[in-house]
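There are 2 protein chains.
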Amino acid sequence: MPSFPVAFAGGKEGTWRVRGISTVVGAPLPAVERLAVLDGTREVPQSATWTLRGVVGHERYVERSEHEELAARSPGLGRPEATRAALIPIKKSEAWWSLSQDERRAIFEDDSRHIESGLKYLPAIARRLHHSRDLGEPFDFLTWFEFAPQDEVRFDELVALLRATKEWGFVDGEVDIRLER
Amino acid sequence: MPSFPVAFAGGKEGTWRVRGISTVVGAPLPAVERLAVLDGTREVPQSATWTLRGVVGHERYVERSEHEELAARSPGLGRPEATRAALIPIKKSEAWWSLSQDERRAIFEDDSRHIESGLKYLPAIARRLHHSRDLGEPFDFLTWFEFAPQDEVRFDELVALLRATKEWGFVDGEVDIRLER
Chain A
1 MPSFPVAFAG GKEGTWRVRG ISTVVGAPLP AVERLAVLDG TREVPQSATW TLRGVVGHER
61 YVERSEHEEL AARSPGLGRP EATRAALIPI KKSEAWWSLS QDERRAIFED DSRHIESGLK
121 YLPAIARRLH HSRDLGEPFD FLTWFEFAPQ DEVRFDELVA LLRATKEWGF VDGEVDIRLE
181 R
Chain B
1001 MPSFPVAFAG GKEGTWRVRG ISTVVGAPLP AVERLAVLDG TREVPQSATW TLRGVVGHER
1061 YVERSEHEEL AARSPGLGRP EATRAALIPI KKSEAWWSLS QDERRAIFED DSRHIESGLK
1121 YLPAIARRLH HSRDLGEPFD FLTWFEFAPQ DEVRFDELVA LLRATKEWGF VDGEVDIRLE
1181 R
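Heads up: the sequence lines are chains A and B, in that order. This note's numbering puts the first residue of the first sequence at 1, with every later residue one more than the last. This note's numbering puts the first residue of the second sequence at 1001, with every later residue one more than the last.
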């Protein structure tokens, strides 16, 4: 799994039509009509209104047994029936980043059941995580989800579950962008 | 501890005079006369022969108790007597990055005693770690060390100790740049 960069460009172009942008906490993102997902790109397209960049890389908290279960049950991106998507950029607080690895892992899984909750919604929801913090971006993570229209209610349930956790107490920036193609 | 970028520029300018560059494994770096350490910089200076970029950020493997001990015993950078330095860029193999977090941590500390070995050489050797992998750089980490000339023998000992560990079996690129000011 070599790591690779991805740019999410909001503007007038792209496969995905923006259905709505909600600011959950922190600074908002300007409204745009469409979103282009540019795999393998580090550059910022000049025509975009805004661009969020991240890197798909190695897992930071998942343990081997969890990895195997996630890998076995996770669908790939690009399923024909998955015509809805969500891009959720997240910024965590300095308090989070000052924690040590064992403390972050404990909040992530023991207290917040982040992986366990996600597993319940497989294989309906495909997911890809992008790390942005080292790039000096406004958000620390960009998570991309794809699902069929009839599964959007379950996706809303998953997002609500995660927002109620101890881990989410460390989120100080979050925007929820809903899309369709 | 907000994260910040650093650029190490090799060329004809900079505070540090290059005493030698050794390739330990993998691709070499071209010889240069001097090295400039540019804190807070993401740009690549045009005058440099080569530039290595990284981000000083949160700790990836260290647990809270280890953090406290390291923090209590680690000297800061820029001590007047620390007129020698080393920059050691490291690239780890795809086999390393395919491991899960618990497996990497076990090799890092249980098998390789990376933190324990480092603690033995405190407070003589100051250290700062820079992460480069997400930036698409040729190396994954850049570690910067500062010490007094009489402590360079002990620094050589530390480096030899780490190179003999199980963790170092996953290193497929390493260059050792020695400097003085």
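Treat the hints loosely; a few may be bogus.
[Claimed, not checked] So, partial list: chain B residues that the calculated Cβ filter (under 7 Å) puts toward chain A: (1) Ser1022; (2) Thr1023; (3) Arg1064; (4) Glu1069; (5) Asp1102; (6) Glu1103.
[Claimed, not checked] Computed far set for chain A versus chain B, every beta-carbon distance over 12 Å: (7) Val55; (8) Ser98; (9) Asp111; (10) His131; (11) Ala160.
These are computed hints drawn from the structure, not numbers from a lab. Glycine residues also receive a C-beta, built at the ideal position from the N, C-alpha and C atoms.
Quiz item: Can you name, in rising order, the numbers of the hints this structure does not satisfy?
Solution: Hints 1, 2, 4, 7, 8 and 10 contradicted; others consistent.
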